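Below, each chain spelled out in residue letters.
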Amino acid sequence: MADPQIPADSKPPGDPTAPRPSRAQAFRETLSELTRLDGVRGGLIVTPDGLVITSELPPRFPVEALAALAATLGRELELGASRLERGAFRTALFSADDGTVFVGGSPVGYVTVVADRNVNNEGVRTALGRAVDRLRGTWRVSPV
Amino acid sequence: MGLATFLERTWSGIAGLVKPRSASSLFRLADQYRHEGRYEDAAELITEGLRVSPNIAVGHLLDAYLHVVFREMPAAKASFRRVLALDPYHPRALFGLARIALEEGDIEGCRPFLDRAIQYFPDFPEAKALQEMVVTWTAPVVGASAAVGAISTERLRLPPGAHDLVLTHADGTLVFAQGSEERQKHLGLHMTQVYRIASATLARAGLGAMRRGVIEGSGETTFLRSDGGVILGVALAREVEVGAGLVQVGRLWTDLNIKA
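In order, the protein sequence lines correspond to chains A and B. Residue 1 is where the first sequence starts when you use the numbering used here, and the numbers rise one by one after that. Residue 1001 is where the second sequence starts when you use the numbering used here, and the numbers rise one by one after that.
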């Protein structure tokens, strides 16, 4: 999906000349760091309404269908955490015989990573947690 | 030239330079901002566009999308319905209402929206993915329970701090759960929905059926195991590592004498 570069809209404190990366740029960099991990086949970031913000998946992957399911799964994980008073949903992994799907939750949307069966679960989960924290940092309004 | 004439000409010139933007151009820019994650900027443009032209379906659709992003579901539902009032067969509005019905646990209410969306827009992979997912679902029978063998919680090797132990059939029928009746209901429904949606996601990615799951919240971590027939879940401390937690849930699986 085309995701055009947008101009920096503000500057970080302490360095008035350095441009602040846009939110779209942060999305792309966040996903790119995850898809470089060993055993990771690809991933996408999808908003709660199912819009694919950015994706790095092999051509054979059905991106739209996966995005719809990932957004639905992300919302169920958010709602369940809230209803069961388990604190805010952060990350999840679901493994099958041939691989694992990781999901990270943030106010911006859900980071979904598709990985091989023998991937380092703890390593990807830790990296996903960092990615989620980074996405939370791009969110400047209070989420509900 | 008198002062009044000068001021009038100056104002006329300024007004001519600053032309009001059309609703369609506002919505186009709002959609671009939405794709860039600039939701606050997009929301302002949509509000302005709908003020100028309140009867444009795409404006209400974008409004609904942003409400979903901000998790304002009643407002999102109202906006999707406004789209349908203007265009009764709008596939994206139908799909949006289907997704909200799904997260409300209204499976029967979800299906007609998906069916209508695909009927009028057959090339709609997102709607087809959800339709294929829910087609076999039945609404969980709230309050009903069924035994899987004899469950003896006394001989379970529950790890320290473990709670919210739940065992449910994949169709949502609760076998066993800890806690109050209300909590048991929520646990059973949530485990079932997570299992169903995660299974559909794994299958769509070509990875097979869900066997294990780990859900990390800011307060605790839930570990899941399933054989396709039943789903076992237990909440442990958040700092428990993935491998250790899965071993714990595996022991419980054995103790419950579940035949994988």
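Some clues are possibly wrong.
To be verified - Derived CB-CB ranges, DEER-like: (1) A:Glu85 - B:Gln1032: 32 to 40 Å; (2) A:Glu85 - B:Asp1123: 36 to 44 Å; (3) A:Leu37 - B:Ser1218: 18 to 26 Å; (4) B:Asp1123 - A:Gly87: 37 to 45 Å.
Stated by the list, open to error - Which bits of chain B does chain A cover? Going by a derived footprint, with three or more residues having C-beta under 8 Å, they are: (5) 1031 to 1038; (6) 1049 to 1062; (7) 1125 to 1133; (8) 1177 to 1187; (9) 1211 to 1217; (10) 1239 to 1246.
In short, the hints are calculated from the structure, not lab data. Given the structure is predicted, the values throughout are model-derived calculations rather than measurements. Cβ coordinates follow ideal geometry from the N, Cα and C atoms, glycine included.
**OP:** If any of the earlier hints don't hold here, list their numbers in rising order.
**Re:** As far as the earlier hints go, only 6 is violated by this structure.
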